[in-house]
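Enquirer: As a plain string of letters, each chain reads:
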Amino acid sequence: MKKAIKSVIAALLVVSTLAGCSSFTGTQSSGTAAQGESASAGSGKDSITLYLKNEIPTLNQFSASDNIAFAVLNNISEGLYRLDKENQPQPALAKDVTISDDQLTYTFTLRDGLKWSNGEPLTSKDFQFAWLRQMTADARNNYSFIMTDYITNALEYSEGKATADKVGLEAPDDTTLVVHLKAPTPYFLFLTTFVPYFPQNEAFFQKQGDNFGLGKDNLIYSGPFTISQYDAASGVTLVKNDNYWDADNVKISSAKIKIIKEQSTAMNLYKAGQLDRVELSSAEVPSYKEDPEFSTNTIFRTQFLQINTTAEGTKNVNIRKAISCAIDNDLLANTILNNGSEAAVGVVPGTMSSGVTGKKFSSFQNGLKTFDVAKAKEYWKKGVAELGKEPQLSIVLDDDTETKDVGTFIQSQLKDNLGIDVTLDSKTKEARRTLMKSSDYQMGVNAWGADYDDAMTYIQLWADHSVINGFRGNFIDESYDKAISDAKAEVDTEKRAEILASAEKYLISDQTVIVPLYYMGSAYLTKSNVKDLFVTHAGTLELKHVSVQ
Amino acid sequence: MNQLLEVDNLKINLETQSGTVQAVRGVSLKLAPKQILAVVGESGSGKSMTVKGILKLLPKTGGIVGGKILFEGKDITDYSVKQMRSINGSEMSMIFQDPMTSLNPTMTIGKQISEVLREHTKMNAKQRRARAVELLNLVGISYPEKRYSQYPHQLSGGMRQRVVIAIALACNPKVLIADEPTTALDVTIQAQILDLMRSLQEKFGTAIILITHNLGVVANIAQNVSVMYGGMIVESGTVEEIFYDAKHPYTLGLLASIPNVDEKDKELNIIPGTPPDLIDPPKGCPFSSRCPRAMEVCHQYAPEKTMVSGTHWLSCWLMDPRADKQHGGDRA
Amino acid sequence: MNRYILKRLVYLAVTLLVITTLTFFLMHSLPGTPFDEDKISRLSAAQQQQIYASYGLDKPLYIQFFRYLTNMFKGDFGTSTLYLGMPVSRIVLNRILPSALIGFQAVLFGVVIGLVLGIIAAYRHNTSMDYMTMIISVLGISIPNFVVAALLQYFLGFKLGWFPVAYWESYANSILPSLALSFGVIAQIARFIRTEMLSVLQQDYILMAQSKGLSPAKILVKHALRNSILPVVTILGSIVVNLLTGSLAVESIYSVPGIGSLFVDTIKANDYSTILGLTVFYSAFYVVVILIIDILYCLIDPRIRLASAKE
Amino acid sequence: MQSGPISDELFRPSVKNKEELEHISRPNLTAFQDGWLRLSKNKGSVCSLILLILLVILALAGPHLTQFTYYGTDYNATYQAPSMLHWFGTDKFGRDQWARVWYGTRISLLIAVVAAALDLIVGVSYGAVSALFGGKVDAVMQRFIEILVGIPNLIFVILLMMLMPASVWTLILAMSISGWVNMARLVRAEILKLKNQEFVLAARVLGTSDRDIIRKHMIPNTIGVIVINTMFTIPSAIFTEAFLSFIGIGLQEPKASLGVLINSGFQVINSHVYLLLIPAAVIVLIMVCFSILGDGMRDAFDPRMRN
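Line order of the protein sequences matches chains A, B, C and D.
Position 377, counted from 1, in the first sequence is what the working numbering calls 1055; the numbers after and before it change by one each time, with no gaps.
Position 112, counted from 1, in the second sequence is what the working numbering calls 1411; the numbers after and before it change by one each time, with no gaps.
Position 118, counted from 1, in the third sequence is what the working numbering calls 261; the numbers after and before it change by one each time, with no gaps.
Position 283, counted from 1, in the fourth sequence is what the working numbering calls 739; the numbers after and before it change by one each time, with no gaps.
Bound conformation, chain A alone (with noise of 0.2 angstroms):
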């Protein structure tokens, strides 16, 4: 009896034992990871510590559809192009590019010597495989409209009915790549920033199999950096890749990137010099607003409200008047959010390009979103007569902290300027999602982000037809439409510019499909030796330039 007691306890500390011995993700460098963390902390030489907010889901590109996992790969791996501290695509793998007259052949020039982080010439075959896969379904990150819309019979090929010869996609030889489009894109060398868009190689991807991107040996690297350690949930570390090709612009040789999810975690790590950037909550933001550490930046993603068209109360166009004037999102912005989130005017962020070289599209947006209770009341009025009574409404939401707070303040809004009590649903991001797919909503909050640096990004997901959408709030209408056709033919982009600006006006000011409620933003404390390191307005976490002092 006493011997089984025992030998339980026995089992119980080998297990506890194994567990300790295995899972640290610090072990294999205990000693070293201690000195750098010190010299991160302190004085500072060529390492840097920072965080993320969320585990890391996968590190396969053909995977990947988040900024978590994009923060990392952008690091690791490059594309023909890279976005600068500007957010302009500079090349990159490309050192050149030639487009045709008609804006629909791009033909680009890979640089010379080339190498995958193995040692092997990495050419524009890579390219060429990678972007094939990436149009297909064997693409799990669903990303295969980022390529489909563009190529030539690419569409046709990622639904089975045309071979891969066929798509506007040739490698003529090891450093050119020529791509054929369906319609001229301004946009196009954003678009190779980006991380679909970048290559693999065929040979090293076929071999891994099933393991492909699991772990840190399960990867190639063509980026500034490859990972010396990596675990989903506890974060990666960073080293410098001496094979990149412009590894002499590499100024750090490493750098951590842990998984903290409590904001007050993060702090105190930062506040101990064991990180060198921490993202402030908007409690915190007063304090830290004098600070020499103090920064912010927004990023292209609109939070927004969707309204649907067809549901009970708001397919009332004036009832969808009086909500959207009923919000005041400069009080969003600045007293709810309050950390580098700015007030949306339209659901295409105004410093997005226009398109027209030295013009951003703010220039052409007039007239859209405004806060006016007076008007507000008029609407509701209006549209409550036209439907015969108040209609009774409802709003569906992420369950997240931020999405709450933001349901709550349009509440409070709508009640305290309209006087009517609007009911919150929180629902899990997946069912917020059937509910809307569905159309069994009134009014949802939803977000998007930019894919590139073009209002299209925005603009025509409004006009996307193939399937009835819900996520759209039903909207179909034909003007509407045609005005995206239309731009998307227009070679002019000055014109181009004005079509999508009048169509984002008629979607929010005279049907008012959505209420566009901020662009994202975030607030940071950052020390002060560290430069240069900077996200895109993708969201993308960018430490190639990052130097420390």
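Straight-line Cα separation of at most 27 angstroms, DSSO-like style, residue types lysine-lysine; simulated pairs:
| # | chain 1 | residue 1 | chain 2 | residue 2 |
| --- | --- | --- | --- | --- |
| 1 | B | 1410 | C | 365 |
| 2 | A | 803 | A | 860 |
| 3 | C | 217 | A | 885 |
| 4 | A | 939 | C | 182 |
| 5 | A | 839 | C | 182 |
| 6 | C | 182 | A | 860 |
| 7 | A | 1053 | A | 1093 |
| 8 | C | 182 | A | 1107 |
| 9 | A | 894 | A | 918 |
| 10 | C | 302 | A | 731 |
| 11 | A | 939 | A | 1082 |
| 12 | B | 1333 | B | 1373 |
| 13 | B | 1425 | C | 361 |
| 14 | A | 894 | A | 803 |
| 15 | B | 1410 | D | 651 |
| 16 | B | 1381 | B | 1359 |
| 17 | D | 711 | A | 1093 |
| 18 | A | 803 | A | 773 |
| 19 | B | 1425 | C | 365 |
| 20 | C | 150 | D | 592 |
| 21 | B | 1421 | C | 361 |
| 22 | B | 1445 | C | 365 |
| 23 | B | 1373 | B | 1359 |
| 24 | B | 1410 | B | 1445 |
| 25 | C | 150 | D | 651 |
| 26 | B | 1359 | C | 361 |
| 27 | B | 1425 | B | 1502 |
| 28 | C | 361 | B | 1381 |
| 29 | B | 1421 | B | 1381 |
| 30 | D | 651 | C | 365 |
| 31 | D | 497 | B | 1359 |
| 32 | A | 1082 | D | 711 |
| 33 | C | 302 | A | 949 |
| 34 | B | 1546 | B | 1310 |
Honestly, the hints are just simulated from the structure, not real lab data.
Position chains B, C and D against the provided structure of chain A, taking the given hints into account.
Expert: For chains B, C and D alone, coordinates are given in the frame of chain A:
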């Protein structure tokens, strides 16, 4: 006679939520070596408290507030629990009322016996085991080897009480205190246990204090009897004196309530009423409120001890010469 | 006894099968799919069809179920849809180890300290020691463990620097989370032991042990403890299961790559295969713990052995 | 011993009649009255009871004592520290924290008490039946528990929240699906222990019905464990609710519970610690009161605790 254990005017109080209970109010006992003394009384009379007081087994809320306890001439009244540990189990040991609850249900019989040997002797494990088996044999348990490794719930009530006796006798104590050892048992088993105790007493010469509420069991076994009521001893004497020459009305009542096999038709005699509340004990004789021959004085003044013979005494106002005048010697 | 355990192991297998089946259908009745439907709506109908087909989600549910079961018996729990492409068994294994370590240590701290406090409190009933234990115990259950975790992190980690603030790099990282989790365990164990022991201490066999001349320490350990430990063993089962399978809040405060958040994240993301894998693991663990506890019952209290042997 | 001379007069017979003798010197109380009497003599319990009543009154009346409502926002007065105007300060939306704390207390108490009651009823009867019938019944019932606990609770909760309208009652139901399991296992273990003890066997031999055995013998003897476990169920119900709110499933804004308030207070622990401390203090107070009262109740009503 040289006394083995002497209790003089022992007083014990218990703190309860309702107030202080004067459980024992001046009890005196004398136990000679090899003697069997029976303490008789109904529940709540303080007899259990008296012996627990002797062994220092009182609950935390209880304490000795007066009197003296002498064991082999040593004053052990103020012994701490720690000091008592060398006496308990080896010099004096105790048998409890309910064998069902007085054995640890999660420990084997053998362990419970050898535990006390381990505490008080220098025997090694093997010797202890041998002694334990011997003891089990001694108290009349068949297959002692097998029983040694069994648990209490595998034994019948009578067997368990035999085990308890074996534990109590393990170290050949000089005094064995048996607190109603047969109350919880069947009548047939009761007789067996009493027989066992008597035969063991004869064999080893252990002095025994037998506590019981049943005067019936006393006659065959005890040499001396003390009758307790309301926290006091009301009458004390040899067995013969108590059974044939009892003078206290309470003792008489107890004697009358022993069922008599010969008089089947007769109604069972009972003493009407309930024992006194010891939180606020009566000023006078504790039995006065139930006494069939109570007098005014009994309610107001406590009676003094009256010696009837060298060994027989009682506390009752009826022994006062003035009482005789009133009642005119109407006793049978 | 061996036959009894064997019988229970058969039950265990059946139980697991039932749990897997129920979880499978419950999971699939949760609203939504494992994908970002919003993004998928950008794809053409044919492309969408391809995606569902590539996960086998286009087949009727019962076919999916039988395919899952067949794979499961082959030891293949599928791959995750949240951690795309990652085999479920690998995820679960990676994530369970840190949780198991801090959980095990928390139970160890908790049981040892809880037992000591509970015994002292019972033995010194109604003294300052008793009251102090009760205060610790009440605070232990009434302060949320994430508040305890945050306080320990701030003071012991950040201010005093005795332990690492967060991360999972070496053994030292496991101490603060274990301490934070053990607080509640101490509270529960101490209370249960105290109560049970108070009633055991009134039993005749304790008096009997005193009359044997045993020391208070021996009486407590040999006679009182074993008889008071039964409810603790019962409650220990769920404590062990809960702790070893992770605590979301404490793990995220200390950035421990444990299983706590995995449960929540994968359920919310409709990651069917990971949830099923986790559930199979979790319930197997639970059932085994229950089995161990039932065996412990018998070892602790010989009276129960009979009851279960009769079954 | 004797004080003063005793007159002969006193030696008159003075025997009480039989009826007088049968009169019992202390009043005879029912078990409940007796327990109540004991409880009322326990100072700690009485204080806790008074405090709890006070908390309940505050939970009911508290929100109405201030001019603000628990949902009224004021964006010019966000994150105000406690002041004469806002006694407990204001939150992110400028909502009065005093009103929210007491409203939250109301919801939390409701959830805790109802969930604990459900656990108590289901858990005790399930555990008792399982242990008493034993054999196959017990085996099947135990397997059922294993299945119930084996399936992640969160799946049930999310499913229920989808099927039913989001309300406090849905939440309570979702939490109770497997909340009673601990109680059932605990009661079963206790009863298994008691089952073979003599007094139960005796009752069974005497032909007492199973229901009476449970009611008269088993339950009173397991009451200690039951009371303590209930005292643990109450905080765990409050915290489970808080956890669900934490991961986003649960009460819908602007409704609040103490758990919700603590969670949102925790988000600003570095900058506005009062938002965490006040609701945490209320929870601790509630828990302390419940456990002291629970202890007192057990001491008062558990027959084994009497001496």
